[in-house]
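Listed in order, the protein sequences are those of chains X and V.
The opening residue of the first sequence carries number 40 in the working numbering; numbering runs sequentially from there.
The opening residue of the second sequence carries number 40 in the working numbering; numbering runs sequentially from there.
Don't take every hint at face value.
As the list claims (entries may be wrong) - Derived Cβ-Cβ restraints for the label pairs, each shown as a range:
#1 V/S96 with X/K45: 14 to 22 angstroms
#2 V/R171 with X/N326: 38 to 46 angstroms
#3 V/R173 with X/E302: 50 to 58 angstroms
#4 V/E82 with X/N195: 32 to 40 angstroms
#5 V/M305 with X/Y177: 56 to 64 angstroms
#6 V/G64 with X/R352: 22 to 30 angstroms
#7 V/G304 with X/Q301: 39 to 47 angstroms
#8 X/S54 with V/N181: 56 to 64 angstroms
#9 X/D196 with V/R171: 33 to 41 angstroms
#10 X/H231 with V/D254: 57 to 65 angstroms
As the list claims (entries may be wrong) - In the DSSO-like style, the derived pairs of lysine-lysine whose C-alpha atoms are separated by at most 27 angstroms in a straight line are:
#11 V/K81 with V/K53
#12 V/K81 with X/K182
#13 V/K182 with X/K182
#14 V/K98 with X/K98
#15 X/K81 with V/K81
#16 V/K71 with V/K98
#17 X/K98 with V/K81
#18 X/K45 with V/K81
#19 V/K243 with V/K353
#20 X/K81 with V/K182
#21 X/K45 with V/K353
To be clear, the hints were calculated from the coordinates, so they are not data collected in a lab.
Backbone N, C-alpha and C define an ideal beta-carbon position, used for all residues, glycine too.
Each chain, written out:
2 protein chains.
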Amino acid sequence: MAVTLKDIADKVGKSVPTVSRALAGFNDISPKTRDRIQATAKEMGYVPNNFARKLQSQKADAVGLILPGTENLRFSDPFFSQLLSGIIEQTSEAGLDLSISAADPEDELESYIEHIRGKRVDGFIVVRTHRRDRRIQYLRENKIPFVAFGRMETDNDFYFVDEDGAWGIEQAVDHLIELGHTQLACVAEPIHYTKSFNRVQGFKNGLAKHGIPFDENYMVSSRFRQRSGREAALHLLDLPKPPTAIVALNDLLAIGSIHAIQEKGMTVGRDVSVTGFDDIVLAEMANPTLTTLHQPAHEMGTLVARNLIRQLRKEPIGSHQVVLKPTLVIRNSTGHPTT
Amino acid sequence: MAVTLKDIADKVGKSVPTVSRALAGFNDISPKTRDRIQATAKEMGYVPNNFARKLQSQKADAVGLILPGTENLRFSDPFFSQLLSGIIEQTSEAGLDLSISAADPEDELESYIEHIRGKRVDGFIVVRTHRRDRRIQYLRENKIPFVAFGRMETDNDFYFVDEDGAWGIEQAVDHLIELGHTQLACVAEPIHYTKSFNRVQGFKNGLAKHGIPFDENYMVSSRFRQRSGREAALHLLDLPKPPTAIVALNDLLAIGSIHAIQEKGMTVGRDVSVTGFDDIVLAEMANPTLTTLHQPAHEMGTLVARNLIRQLRKEPIGSHQVVLKPTLVIRNSTGHPTT
DNA sequence: CTTGACGTCTAAAACGTTTTAGAATATAAA
DNA sequence: TTTATATTCTAAAACGTTTTAGACGTCAAG
Chain X
40 MAVTLKDIAD
50 KVGKSVPTVS
60 RALAGFNDIS
70 PKTRDRIQAT
80 AKEMGYVPNN
90 FARKLQSQKA
100 DAVGLILPGT
110 ENLRFSDPFF
120 SQLLSGIIEQ
130 TSEAGLDLSI
140 SAADPEDELE
150 SYIEHIRGKR
160 VDGFIVVRTH
170 RRDRRIQYLR
180 ENKIPFVAFG
190 RMETDNDFYF
200 VDEDGAWGIE
210 QAVDHLIELG
220 HTQLACVAEP
230 IHYTKSFNRV
240 QGFKNGLAKH
250 GIPFDENYMV
260 SSRFRQRSGR
270 EAALHLLDLP
280 KPPTAIVALN
290 DLLAIGSIHA
300 IQEKGMTVGR
310 DVSVTGFDDI
320 VLAEMANPTL
330 TTLHQPAHEM
340 GTLVARNLIR
350 QLRKEPIGSH
360 QVVLKPTLVI
370 RNSTGHPTT
Chain V
40 MAVTLKDIAD
50 KVGKSVPTVS
60 RALAGFNDIS
70 PKTRDRIQAT
80 AKEMGYVPNN
90 FARKLQSQKA
100 DAVGLILPGT
110 ENLRFSDPFF
120 SQLLSGIIEQ
130 TSEAGLDLSI
140 SAADPEDELE
150 SYIEHIRGKR
160 VDGFIVVRTH
170 RRDRRIQYLR
180 ENKIPFVAFG
190 RMETDNDFYF
200 VDEDGAWGIE
210 QAVDHLIELG
220 HTQLACVAEP
230 IHYTKSFNRV
240 QGFKNGLAKH
250 GIPFDENYMV
260 SSRFRQRSGR
270 EAALHLLDLP
280 KPPTAIVALN
290 DLLAIGSIHA
300 IQEKGMTVGR
310 DVSVTGFDDI
320 VLAEMANPTL
330 TTLHQPAHEM
340 GTLVARNLIR
350 QLRKEPIGSH
360 QVVLKPTLVI
370 RNSTGHPTT
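Start from the sequences and build out the full structure, keeping to the hints where you can.
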């Protein structure tokens with residue numbers, strides 16, 4: 040069916056290695072035969088068999104991206120989609136396959152192992168890092184090239200690209216306190232993710248900086264998405280002394296909180312202020328538009344991918360560890376407190 | 040480095056094929072040796088080398104998804120992200136690799152060929168079909184398994200999953216006309232895509248059904264996203280006799296149109312009504328919330344993928360051609376005309 | 001006229017797996 | 001005792017490529 044080197048070799052009356060080397064442009068093949076071989080290869084529609092090539096070269100020319108859990112594929116999170124588009128763009132440009140698979144959180148580690156040991160990929164991109172991340176530990180121990188999007192809590196001696204989440208949330212807190220708020224609540228994501236942990240730290244730091252005591256009741260942990268944001272906010276608003284500002288740790292949670300506030304018949308930005316994080320497209324389309332921290336998701340994806348690609352090619356890498364500061368975008372979901 | 044069959048064979052004192060067959064569970068291996076081999080394989084952390092396996096089997100166990108053009112990776116289109124998540128979920132579950140790559144529209148066809156001829160994938164998923172789609176023609180001529188998301192204009196003798204876009208837009212038009220509108224404009228996508236073409240047809244059919252003449256000036260073609268939607272709507276609103284309703288062919292265009300209307304100081308749903316298509320998450324978050332046609336994007340993705348998977352496994356396929364009707368969701372962007 | 005170097009090519013091995021054909025042994029049937 | 005039949009295994013080949021080592025001329029320098 041498919042044309043092989045042997046077919047070409049038979050046709051031109053040369054050996055298989057000669058054809059191979061001619062096509063690869065080695066200079067131990069006379070220009071005459073080289074040209075002839077290249078011509079017939081093209082004519083016969085030759086395309087190298089990648090599996091054979093990869094088996095031989097022991098290189099996969101592919102990078103692996105294992106998404107967390109089939110269940111909650113995070114594609115509905117626009118931030119993640121954008122990140123992914125950056126990654127795909129880069130790997131595609133570099134001629135690498137991107138092997139995406141979703142693993143159950145339970146056997147995520149096994150999935151990594153299988154990919155590596157089976158030589159299916161040359162390196163990994165690790166997303167959604169945990170504070171103590173077994174995947175990172177495994178990859179590092181086994182000297183497998185990888186770049187993480189996010190850090191661990193400590194022990195961060197590896198390549199990563201990350202946001203400065205703590206700093207970002209501090210900006211939001213500063214902003215709210217400047218507006219006059221003193222009762223700030225936080226709607227948090229699952230805290231074993233480093234990202235979430237850092238953002239929570241930022242919240243606490245921000246309060247501390249302005250001498251506002253941290254109130255445990257004003258801290259609600261939830262899941263990642265709107266629905267949880269709504270529930271968390273409803274809970275906060277039912278407190279005897281409800282907060283006047285809600286710092287949501289991502290935009291989806293913020294949108295959920297906005298809905299909750301509106302359900303209660305209150306006005307967002309007046310009765311209760313809300314901030315988000317990520318600045319997904321939705322943020323400026325929401326009603327009211329959302330004050331949030333802008334992050335260049337697509338660019339972060341390209342950074343991660345490019346870092347890994349350089350590593351694989353053994354090219355010099357600009358910066359092994361990149362921490363990007365988000366920028367506060369003030370819109371209509373925040374305002375002076377009325378009480 | 041990696042453990043191979045040979046390593047195991049040496050350890051247990053058997054031949055390589057014996058080990059291979061023992062691990063595969065063939066019954067020409069005695070239970071005793073089979074168990075011993077399986078145990079040592081596990082103990083040594085054996086993972087098969089996929090390239091070798093695939094080279095031998097001449098099967099790729101992978102499906103290809105070639106995205107259109109690097110430039111405008113459609114990840115910012117939430118509908119597409121959702122579709123993709125469905126595809127990934129299914130392929131991942133079926134143990135297939137999903138090879139995603141972005142090809143320039145120019146050499147998209149070459150990219151297909153390379154993937155196929157290089158035996159890198161067993162089948163394809165074709166997205167964003169054109170009215171006359173060279174990719175589909177090529178795949179069909181070469182008897183390469185594939186499933187398309189979308190159809191061609193005619194000659195649709197292949198497996199596909201598609202929306203009933205014409206029917207959907209007709210619902211929107213019906214709705215607007217029932218509200219009392221007679222000056223309906225259409226903000227269209229590039230029309231060489233079958234999807235867009237069909238939706239436009241739906242618009243025309245809808246008008247015809249109610250005896251409203253089609254006015255060329257009320258048809259603006261644009262690109263895919265907000266920005267174009269805004270520009271198209273601005274143009275429409277500047278007409279001597281502006282429309283009272285805008286039928287945008289997707290939600291992003293609709294949101295863009297809404298922005299344009301608001302920029303002009305008019306009220307959406309009163310001065311001008313707007314409808315979208317797809318019902319992306321944004322639609323119910325927008326201000327005002329958007330009347331649109333709901334499509335189960337994730338499910339459509341699973342359908343496409345499952346169809347291809349069945350085809351590859353030579354399992355019976357439920358329905359070779361699926362056309363799903365979207366459902367009209369009426370929200371606040373549509374209302375009675377004031378004039 | 002030899003020696004060495006160069007230019008052009010090929011044979012053989014290797015990557016790790018699976019398949020095919022058949023060998024070797026044991027067991028049952030005639 | 002011989003013959004047929006399982007049972008359990010292995011040798012060899014194959015998948016398509018690249019790499020290594022070296023063969024074979026030809027040519028220039030000594």
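Hinted pair V/K243 and V/K353, Cα distance within 27 angstroms | violated, 41 angstroms
Is the distance from the Cβ of X/H231 to the Cβ of V/D254 consistent with 57 to 65 angstroms?
-> Once the Cβ atoms are compared, 59 angstroms apart, the range 57 to 65 angstroms for V/D254 and X/H231 holds.
Do the Cβ positions of V/E82 and X/N195 conform to the proposed distance bound of 32 to 40 angstroms?
-> Taking Cβ atoms as reference, V/E82 and X/N195 lie about 34 angstroms apart, which means the hint holds.
X/K98 paired with V/K81 [C-alpha distance capped at 27 angstroms] | This hinted pair holds, its Cα atoms lying about 24 angstroms apart.
Holds or violated: X/K45 to V/K353, with C-alpha atoms at most 27 angstroms apart | violated, 31 angstroms
Cβ distance range 33 to 41 angstroms for X/D196 and V/R171, holds or violated = This hint is violated: roughly 55 angstroms between Cβ atoms.
Consistency of beta-carbon spacing, X/Y177 to V/M305, with hint 56 to 64 angstroms = holds, 58 angstroms
Holds or violated: X/K81 to V/K81, with C-alpha atoms at most 27 angstroms apart = Given that 27 angstroms is the threshold and the Cα spacing comes to 45 angstroms, the pair is violated.
CB-CB spacing for X/E302 and V/R173 relative to the 50 to 58 angstroms hint = With a Cβ separation near 52 angstroms, V/R173 and X/E302 satisfy 50 to 58 angstroms, so the hint holds.
For the pair supplied as a hint, V/K81 and V/K53, confirm whether the alpha-carbon distance does not exceed 27 angstroms.
-> Measuring from Cα to Cα gives roughly 16 angstroms; hence the hint holds.
Regarding the pair V/K81 and X/K182, is the alpha-carbon distance no greater than 27 angstroms?
-> OK: V/K81 and X/K182 at ~22 angstroms, within 27 angstroms.
Would you check the hint for V/K98 and X/K98, treating anything up to 27 angstroms between C-alpha atoms as holding?
-> It holds: about 19 angstroms lies between the C-alpha atoms, which stays within 27 angstroms.
Checked against the numbered hints given earlier, the structure breaks hints 6, 7, 8, 9, 13, 15, 16, 18, 19 and 21 and satisfies all the rest.
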